[in-house]
Amino acid sequence: MSFQQHQNRRTSRPRRLRRTVLASAALIAPLALSACGGAQPGGAGGDNGEGGFSAWTLTGSQQDAFQASFDAWNEANPEQQISSEFFANDAYKEKIRTAVGAGNAPTLIFNWSGGTLADYVANGNVVDLTGHVDDLEERAIEAIEKGGEVDGKQYAVPNNSTQPVVLYINEKLFDQVGVEPPTTWEETLEVVEAFKAEGITPFAVAGQSQWPYLMWIQYLTDRIGGPEVFNAIANNEPDAWSHPAVAEALTKIQELVDAGGFGDSFGSVVADANADAALVHTDKAAMLLQGSWVYAGFKADAPEWYEEGNLGFAPFPTIAGGAGDPANIVGNPANFWAVSADASEEAQQAAFDYLNEYTLNEESIDEFISLGLVPSTDGAEEAIAASEDADFLEYAYSMVQDAPNFQLSWDQALAPDQAQELLTNLSQIFQGSITPDQFVENMNATIK
Amino acid sequence: MSSTTVPSRPRQRRRTSTGPSTWMLAPALIFFTVFALIPLLGVAVLSLMNWDGLGTPTFAGFANWRTVFSDPVTLHAMWLTFAMTVLTYITQAPISILLGVFMAGNEKYRAVYSVLYFLPLLFSAAAVGIAFKALLDPNFGLSNAFNIPLLSQDWLGSTDLVFYVLIFVIAWCFVPFHSLLYQAGVKQIPTSMYEAAMLDGAGRVRTFFSVTLPQIKYTVITSSTLMIVGSLTYFDLVFVMTNGGPGNATRILPLDMYLTGFRSYQMGPASAIAVILVVVGLVISLLLNRLSGSDKMESQQEGA
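Sequences listed follow chains A and B, in order. Here the first sequence is numbered in UniProt numbering, starting from 1 and rising by one per residue. Here the second sequence is numbered in UniProt numbering, starting from 1 and rising by one per residue.
Rather than coming from a laboratory, the hints here were simulated on the basis of the structure. For clarity, every value in this text was computed on a predicted model and none was experimentally measured. Treat the hints loosely; a few may be bogus.
Said to hold, decoys possible - Cβ-Cβ distance ranges computed for the label pairs, FRET-style:
{"#": "1", "chain 1": "B", "residue 1": "Pro120", "chain 2": "A", "residue 2": "Thr282", "range": "29 to 39 Å"}
{"#": "2", "chain 1": "A", "residue 1": "Glu307", "chain 2": "B", "residue 2": "Val112", "range": "19 to 29 Å"}
{"#": "3", "chain 1": "A", "residue 1": "Thr282", "chain 2": "B", "residue 2": "Ala126", "range": "19 to 29 Å"}
{"#": "4", "chain 1": "B", "residue 1": "Ala126", "chain 2": "A", "residue 2": "Gln63", "range": "17 to 27 Å"}
{"#": "5", "chain 1": "B", "residue 1": "Val45", "chain 2": "A", "residue 2": "Ala314", "range": "48 to 58 Å"}
Unchecked claim - Partial list, computed: chain B residues near chain A (C-beta under 7 Å):
{"#": "6", "residue": "Lys108"}
{"#": "7", "residue": "Leu156"}
{"#": "8", "residue": "Phe262"}
Said to hold, decoys possible - Not close to chain B: a few residues of chain A, all C-beta gaps over 10 Å, as computed:
{"#": "9", "residue": "Thr130"}
{"#": "10", "residue": "Asp175"}
{"#": "11", "residue": "Ala327"}
{"#": "12", "residue": "Ser344"}
{"#": "13", "residue": "Ala385"}
Ideal Cβ positions, reconstructed from N, Cα and C, are used throughout, including at glycine.
Okay, chain A solo, but in the shape it has when bound (with noise of 0.2 Å):
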């Protein structure tokens, strides 16, 4: 320091010209960058400076019907327009956490519910709907609605459609081969044996994408323990893993992946492409446990082997003296809007008026309808009948309406650290790199 002044003293007039020069840029620097943060593209915070409001949601076979619904307000309410915008699903989870962190949060936040929909209440991000949402939520399935509530309050809403997980089956490969869809897991073992030896792989999983794998822990969890095992790890309940249904669920799922359950390059199966889809409808697998959106995909991907009448739906095995009730479900019960407490008073109301009128009304219900989703209100039966796809989504409805509990995918329901650490280890368990004695000990040590 003292060197510095004493070099100072003896600065020549262009250097010191030269020093407050740079010195000067180096702080208008981040002034100038943080006002390029203050006007963020969809009228961050709520504001596009004409009373309307924002809403950022996903691409994909959803996309479509939100962009009737924001159309259809956009319509009637020209004083107030919606300003969409739509993201990739694993950019937009990465995306929307930072903006809500930032204060820069669109109005609408498209959530989960679960961990992070904790986190925003919790961090006073988005603001309590009860009260405010009543025509909505008397449209919405209760037990759906329920997932967007906090701490008994409603922060979140349901806003799409109903996503099961259901068992897919190639019925051309079980003719083929003459046996029946599993209902039992003796059952599936056998039929696993069964394709095996005609050299077909019995279950497609996208390993790569590790997420598909948490449909096979929650199902068997769920079969095994009932939904109380992982109740408890969601409310951080000390050595909540050591649950034995965790165990035997693990165990179960090395024994099929050892049986060849799985073929032997399912960890190369990527989920992005609907290539473990591709695999179930060009007949190299005999049956897939994905979400009901992966119905839409087998339609549009192979349409002549749709036609033919080759797909077919069956519910999880039951397991033989397991606690859950067999027609529990899981899968998600709904994605959910959340709105931004950045957001003016103004444009929060201008979304309470949206969400009463708009989501999920009889047009938006149409069309998830026409687009083979499953409506996540209550009161769609005839529409469905009525639909080219009524077998499945009869199907899936009443799954989802008969369900004595509806499990939200657990890398959703959980924080985003303790999901990472449960991908990572779920994926090794599927490798046979760990033991479930490892994973359930490496689970419990994320648990606070």
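Start from chain A and add chain B according to the hints.
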């Protein structure tokens, strides 16, 4: 700031009279400060904080650093990064040198080959990653297209194979660039030296080891620096191709930083990992610079 300007001051004073004005440094300096130094400082500070991306960061002292150095996942990531540096180097360096020497010949067909070899460099890492992911798909990729069952391996899903698959793809991506460097280096060697070697009765191999290799010493150092420091940044390819999986089998340090920061939202430990990466990168390039004796960099042709 002060540490960068103070030592160079005497030299500056001498240069202002003759060389280009130091003012020409200003734009670069401003950009470097705003986009490198200030964020770097921010990351260093953040490494001492607890922050999950929401709310306000809270001060955590050195807890994050302790976490990082005791977390088996991060330690494994450090080991993988080291293994990747070594393996990518020993696969790329010999191939690049041989290709570069080969391409430095004068025949026309070599020019055609050079263009072909150069192609991978024109694709972005993301495109290469996606393309290889599709090609290596055991069900719908190359094995299916050419009906070669041998190719139908669990390339990206098997913990035994995936790391080596990545080394291969990385080499495929970057060998063209390094062979280009070597080609240029070899072309600088005066033909008189080869003529002299020929008169002395040296064969191809002897000429390579006694003339070519010593003469491209500095190219080797440049290329090695780029390869080794570059191996710390093979984030994009790995991210696109494996996402660190299966399990943690390809979770190298830059990816560990990303997953910790933007999947687990533990910004503190992620920042600590980022600082480690910066320090390791700096140390390696300084070491290589020192080894190469950059201050006494002399013309390669001296004494030729």
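Hints versus structure:
Separation of Pro120 of chain B from Thr282 of chain A is about 31 Å and conforms to the stated range, judged on CB atoms against 29 to 39 Å. Distance hint for Glu307 of chain A and Val112 of chain B: a CB-CB separation of about 50 Å, inconsistent with the stated range 19 to 29 Å. Taking the beta carbon of each, Thr282 of chain A and Ala126 of chain B are about 27 Å apart, inside 19 to 29 Å as hinted. In this structure the supplied range 17 to 27 Å holds for Ala126 of chain B paired with Gln63 of chain A, their Cβ-Cβ distance being about 23 Å.
For Val45 of chain B and Ala314 of chain A, the Cβ-Cβ distance of about 55 Å falls inside the hinted range of 48 to 58 Å, so the restraint holds. For Lys108 of chain B, the shortest C-beta to C-beta distance to chain A is roughly 41 Å, which exceeds 7 Å, and the interface hint is violated. The beta carbon of Leu156 of chain B comes within 5 Å of a beta carbon in chain A, closer than 7 Å, and the hint placing it at the interface holds. Because the smallest distance between the Cβ of Phe262 of chain B and any Cβ of chain A comes to about 5 Å, under 7 Å, the interface hint for this residue holds.
For Thr130 of chain A, the requirement that its beta carbon stay farther than 10 Å from each beta carbon of chain B is met, with the minimum near 22 Å. Every CB of chain B lies more than 10 Å from the CB of Asp175 of chain A, the least distance being 22 Å, so the non-interface label holds. With a least CB separation of 33 Å from chain B, Ala327 of chain A remains clear of the 10 Å interface cut-off, as annotated. Every beta carbon of chain B lies more than 10 Å from that of Ser344 of chain A, the smallest distance being close to 21 Å; the non-interface claim holds.
Under the 10 Å C-beta cut-off, the non-interface status given to Ala385 of chain A relative to chain B holds; the minimum distance is some 37 Å.
Checked against the numbered hints above, the structure breaks hints 2 and 6 and satisfies the rest.
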